[in-house]
Structures are given as C-alpha cells and as structure tokens.
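Please construct the entire structure, taking both the sequences and the accompanying hints into account.
Which chain is which? The protein sequence lines are A and B, in order. Quick note, the first sequence lines up with residues -15 to 279 if you use this note's numbering. Quick note, the second sequence lines up with residues 629 to 772 if you use this note's numbering.
Chain A regions said to be covered by chain B (calculated; three or more residues, Cβ under 8 angstroms):
| # | region |
| --- | --- |
| 1 | 81 to 89 |
| 2 | 101 to 108 |
| 3 | 116 to 124 |
Not close to chain A: a few residues of chain B, all C-beta gaps over 10 angstroms, as computed:
| # | residue |
| --- | --- |
| 4 | 660 |
| 5 | 690 |
| 6 | 692 |
| 7 | 693 |
| 8 | 717 |
| 9 | 728 |
| 10 | 730 |
| 11 | 732 |
| 12 | 739 |
| 13 | 740 |
| 14 | 763 |
| 15 | 765 |
| 16 | 767 |
For the record, the hints were derived by calculation from the structure and aren't laboratory data. Built from N, CA and C at the ideal position, the CB exists for glycine as well.
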Amino acid sequence: MKGIKGRITERLSGIYAGIGGMNIVDLSLRLTLLDMLLRPVGDRTVRPLTLVFAALGLLIPGQLRSKLIWLPLAFLTGLRVLLDWPLPDNHAYLLFYWCLAVAIALSSRDSERCLAFNGKYMIGLAFAFALLWKAFLSGDFMDGRFFSIAMLTDPRFEAFTGSLLSLDVNEIEGLRLFLEQHIDGKLPARGLDIPSLPSKLHLVSEILTYWTVLIEGAVAISFLLPSRAAVSRLRDSFLILFCITTYSVATVEGFGWLLIAMGVSQSDERRKAVRYLYVAAFFLILVYSYLPMFR
Amino acid sequence: MIKYLRSKACLCYIPVLLLTAVALTQPYLAHNYGLSPWSGGGFGMFSTSDAPWRRHVHAYSVSPGVRREIVIPDYLRDTALRAAALPADTYLARLAEELAEIPSPESGTARSIIIQVWKTEYDPAFLVPSGSMVRSLEVPLEGD
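Rendered as structure tokens:
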C-alpha cells in the first residue's frame, strides 16, 4: 500500500524535478508574472490590463515567451511610472526596466544571455545606488536615526518593533504621536515633555543599519564584478540572504519577488541548488506576508 | 545585415543604461529641486526619514492686508503629495492654481497664493522632531 507519505514524497519529487528541469529564462519569467499577479501594480487604468497580460502569459501554453505579452507589459509598467511621477517607488521603476529587458531579450538572438546580463547588472546597480544613498547622501541613515524612526512610525515595521523592543500597541502609538506631530520650526526647549525611548532601540537600530550596509554592499559588489571574480560566485547566496532577512521585517514583498525573478535569470543553469533556494525564498516571502508573527 | 544585428545586440544594454541615467539624475533633482530621496527612481527608499508622505504642505491666500491659510481639500491630496515629493515650480504652481479655484471668504480676489513644503527632521540624541522648509513659492494670480 502506497501511503500518504509515499504519495507526498512522489509529488514533491515531481515539483523538485519540474523546477530543476525548467529552463532558467522560463522560470524567471514565470516568477515575474507571479509577482505581478500577487501584488498588482498601477491604478485603475493600468492595473486591469497588467493583470490580464500577466495572467495570459502564465495561463496560455506557448505565451510565456511571447513578445505580445511582454511588450504591452513593458509599456504598461512604464506608463504607470509616467502617470504617477514623481511618486512611484523603486519597485515600479525596476519592474518597468525588467519588463523592457524581457521584451528586448525575447527579440534578441541570444535571449538567455541578454536577460542574464540585464538581471545581473540591474540588481548590482540598484543595490549600488541604494548603498550610495544610505552611506553617503543621506544625513540620517548611518547614525541609526532612520531605523529608529521607521521602527516607531512605519506600520510595515510594527510587528517587528513590538516583538523586538517588547512594546505594546499603546506604547508604540504614544511614541508615534510624538514623532509624527506637525511642527513648523522647532519645538520650544523649555517644558518639552520628551518621551523616554525604549532602551534597546539604539542598539537594534545600529545593528539594522550596519547589517543593511553590509548585505547591500555585498550584493552590489558581487553582482557588479565580472563573473570570474571569486566574490561574484557568492552573489546568489548574498541576494537570497538579503531577501529572506529583509522581507521578514519590511513588508514590500513585490520588490523581493522581483529581485528573486531577476536573480534566477542570471544564475548558473548548472547550479540547480541555487534555483531551488531562489524558489524557496520566493515562497518564504509569501509565507512572511500572511503569517501574523511577521505582520 | 551586420549593422542590423549589431543594433539588436545594442538594444540589450538599454534597460541597464536607462536605470543608470534615471538613478544618476535623481540625486541631482534631490539636491537642486528638493526631490524626496524616496522618489524619482534613484533607489533612495529606506535611506532617510524624509519620505514624501512625511512632508507637509502649507498654502496661504494673500490679498491686501490679509494672509489666510487654506486647508487643502481631500480631492487635491494627490496634487499636494506630488508637490511635497518634488517641490519644483511646476508642481507648486499647479497646486496653487487648483487652490485659487476654491471660493475665498474674503471680499475681492486673492493676489497670490503661497505654497510651502516642509520636512521633518529628528534630533540625533532624543529623536525630537523639528520642521524645516524645503521650498516656498508665491504664485501671482491672473487679473492682477
């Protein structure tokens, strides 16, 4: 009798073999379309069409690599950036560049190489520019202020803050009200009732600051250096580590999934373990977004 | 034919070049036009607390002897947020023009509308907030 355990093992082996045997470009495109379906982008004009093209690309056999899917997606994601300018976040720009890269790669003679080139250098450049802002251009990142403020005021960090700093909802709310009060100029120095900050706040902010600079720097360097460089061989590990740590705290799953889809495109076809890790990270971020302990 | 194939290969570089061009322009806009580091495609998100929605916008209607603050209505929230994200003349003037359409309680028409964009900064030791003006523009109204 073939038990449930046996059948589950058989199914899992099938999934394992399916992912392992899939062409790297196909896997990357599927993950990109899944990202667009799980976290739809744009407003009322762009969103429905984006969803339709992303769904058609996944649903209809043979359409995954169709320019008739990716050219409209590049146009729509670009239109979204233009319509919302200057408000779109980094994810919106990166999604547009990526859809454009896919559309161009599918028109080129060597799709895999063209897509891998774009995946590798777009990730490297995005992290390099992020690092430039954090380490050099921003005036309040390296001293830990950004994370202190974010942990106490940004709803995306609320669950993380509450559990790590042992604060209840009311304490977070009290600090948030103090930090977010509307001030033009300076508060009067005399009689100012400054709430005491949680004792661990500074330490946690510093750890987060240095960890972020370290991991983003590692991703930037390893993706921008030529593939023959020793550190470049670690690039997939750095990116996966970045994704599974960052998106357990910050709820911007769409960005994480996009980075994973781009990461897959440039990974070595022969290193199957890397693609399993990418896919596992994709699903881990999905789990993060629904588990109350992370939210 | 060779030319055509070369041009096709060159197309592969376009997305990376586009990303680089936009990301290099963004710090320039941030420095010279007050663009929020979170906006503009320069990958400055999560690098500073100066995000567009943390900025606040004040609008004043100016008529002879009177300067009155205008409450920005909900339907102009998006226009105000764009002005907060990038307080360039175009966005500030657009908001001022929209606000000029709102009937004024004063007799006579306003001569101008002042738009101010403020950001919140935090003291490094105790995180005490303070506001500093990013940009202010006085927009003269037609008819003067």
